[in-house]
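Participant: Next come the chains, spelled out residue by residue.
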Amino acid sequence: MRDPLAVLDNFFDLTAPLTVRNHSHHLTSFVIWRPVMKLRIALIASVIATLCLLATYKDVWAAIVQWATQAPSPRTGHNGMPDRGEYYWWNNPSGDLVWGTYILIWDSTGINGMRTDGWDPELEYEGFDPANPGLYCDQMQAQSFWATMPNEGVYPSNEACSPSVAEQWNVDLAENSSSWRSGTHYRGLGWWSRRIFWGGEVNFTYEAHFQDDWLGKMRYNSNFDWLCSTPPNPGQASCP
Amino acid sequence: MHTCKTLIKLSGLVALSVFMIGFVIRVGEATTSTFTREMDGGIWRYTYEAGNGREITIAKVSVNFSKSEILDAYRRLNQQYAASLIGRTSQQPRDVDVALTFTRPLSFEEVMEIRRNTGLSAQLYTVVAMNEDDEKGTLTVVAGEDSAISMSKANEMIASQGFKFMGIMVIHGKISNSQGGLGRLLADNRIYLVDMTANRVREDLLANGEHLDQVREMYVHIPSPFWDMPWK
Chain A
23 MRDPLAVLDN FFDLTAPLTV RNHSHHLTSF VIWRPVMKLR IALIASVIAT LCLLATYKDV
83 WAAIVQWATQ APSPRTGHNG MPDRGEYYWW NNPSGDLVWG TYILIWDSTG INGMRTDGWD
143 PELEYEGFDP ANPGLYCDQM QAQSFWATMP NEGVYPSNEA CSPSVAEQWN VDLAENSSSW
203 RSGTHYRGLG WWSRRIFWGG EVNFTYEAHF QDDWLGKMRY NSNFDWLCST PPNPGQASCP
Chain B
-8 MHTCKTLIKL SGLVALSVFM IGFVIRVGEA TTSTFTREMD GGIWRYTYEA GNGREITIAK
52 VSVNFSKSEI LDAYRRLNQQ YAASLIGRTS QQPRDVDVAL TFTRPLSFEE VMEIRRNTGL
112 SAQLYTVVAM NEDDEKGTLT VVAGEDSAIS MSKANEMIAS QGFKFMGIMV IHGKISNSQG
172 GLGRLLADNR IYLVDMTANR VREDLLANGE HLDQVREMYV HIPSPFWDMP WK
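Note that the protein sequences, when read in sequence, are chains A and B.
The first sequence: position 90 = 112 (this note's numbering), numbered continuously.
The second sequence: position 71 = 62 (this note's numbering), numbered continuously.
Next comes chain B alone, as it looks inside the complex:
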């Protein structure tokens, strides 16, 4: 009888331990944290969502574009960083992330010309459109293998909303950090902002001990000031 009671107690203890261990593991799996880093004296900052075992992470960059002095400083910082990346081509040139904001909406042909001349590969286009009442709309298009088809479909979608295609204002993509790639983008006066911040975020995360090699996919949201710029 006594042995039986001991066995029951023991099995209860084991069950409780298993439950506790399971709970700790579950909590560990579910733990995520976010942190924010102020960069370049508070001109911009990024927030990163990280955590144990997270395979997909997101970093969001924030800039207060409504303040012209901040926007100017942000543009200058990106220009300086891009120039420093070109300076690093004593090593093998490599592809880096870039987000371009144009000074005005560019035609599809102009964008294709920039892509041909610089080797820019596009991942995401932001097309802008207006209606008769000067209301604004944006169509974001994932770049397909055949950009021409994507753009013709974009035109159809814009027309179906009662708007008129004005041009392309933003491109997210990749560019070689060579003089012929990134260097040409910096020299093109149709480009208002050559945003390299995605690379700065990655460098900063690595410098602060984040294990990006364990991350399967990382999204960096780079904001563009295009909405409040003139579209026509």
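The following block holds chain A by itself, in its conformation from the complex:
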């Protein structure tokens, strides 16, 4: 019985002859240079290409969050917030950044709550720390936003620092729309261009009548690699 790892080592050693079984089922060693070399080079090249591709798009992450059972503070007690969902972080080294909620689920209590929270319920995807608005502002510039939940409009806004750098997306929810469905997977993803290369954080908030229910945050480093989230991803530590 041959060691499979030895066979593998042998395969990736371009100078070594291959051991193959011939039609008469007798083990024979002989050198098949040109076709085997081509096959080896093609396979090794494809492995390298795949690794390069993975390295380019390495920063794709998701974190599952349960807002209903794992509520951070402070909260003002709105009932219209989503029940659970999943954050998403995609960092393309060429300059784009996509983050938001890949999955966002309301239960029937949440949908009814949205309609009774007062007017103007909205979701905020804040590209800075709202507790220290001057700290991580102007690091990302809002470009576009994809939303599958009923809305009356999605707006970029500049909440901190330099004028003309809008680091936040506001999704005005159409609370009275009849097309809300409990348990449906909605999505809210923002595209930002990266501007200043410092570490920082992004925050997610439900708001009604200008009163915020902070739902969580994600932190990133100076390469815009995602570090942690609050509430934490199962099995991961919470952000400091």
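Don't take every hint at face value.
Pair by pair, the computed Cβ-Cβ distance ranges are [claimed, not checked]: (1) Ser244/A to Lys58/B: 28 to 34 Å; (2) Ala178/B to Ser260/A: 55 to 61 Å; (3) Ser184/A to Gln82/B: 30 to 36 Å; (4) Asp118/A to Glu208/B: 22 to 28 Å.
Hints in this document: simulated from the structure, not taken from any laboratory.
All residues carry an ideal CB built from backbone N, CA and C; glycine is no exception.
Starting from the known structure of chain A, arrange chain B on it as the hints suggest.
Facilitator: For chain B alone, kept in the frame of chain A given last:
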């Protein structure tokens, strides 16, 4: 000894005063207030977040679009206000804020034609899309210098979500309050709602003594009824 005690007391008093003054200033800086105004007999209202030293303020307009009589009245009010703005062009025409909701999703070419014919400058596009299960999605795009590039990227993003581009349903931008600008928008039957409410909010705030000249940036969120309209 007595002088020393007095000095200690005095310095304590001074420190306390400095702390109190600092606290009052801090509280003053942090003070923000929100107020809501019912407009046109409750057909619409807006909420404004204001406060001491706030450089960036937000006004949110609310309309209950699920009630058809309210939606009809809101459309009519906006039409009347827009007509009155055109009537004011005995003065120098000026650019005013506008949000357009179309009767159906328009192609990029149709929107460009409207922009060419009226001089409309776009700030924000709302593109609508559907998938095979007739689920709806919206892509909001900040208008760049080259709109064609923005739209081609929009198409890529929509396709990456497994959806199909249906067209443009809403535009936020600026238009001249002249017959050739705003007047043409009002006459275009592809436009369902010519929303001028951002201007009404500003006028109302000024009339009620808000110092908008001290505000660096003001965002007015104008809702659109586009979600529950037919997209195909």
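Participant: Now tell me if each hint is right for this structure.
Facilitator: Hint by hint, here is what the structure shows:
{"no.": "1", "hint": "Ser244/A to Lys58/B: 28 to 34 Å", "in the structure": "violated (51 Å)"}
{"no.": "2", "hint": "Ala178/B to Ser260/A: 55 to 61 Å", "in the structure": "holds (58 Å)"}
{"no.": "3", "hint": "Ser184/A to Gln82/B: 30 to 36 Å", "in the structure": "holds (34 Å)"}
{"no.": "4", "hint": "Asp118/A to Glu208/B: 22 to 28 Å", "in the structure": "holds (25 Å)"}
Checked against the numbered hints given earlier, the structure breaks only hint 1 and satisfies all the rest.
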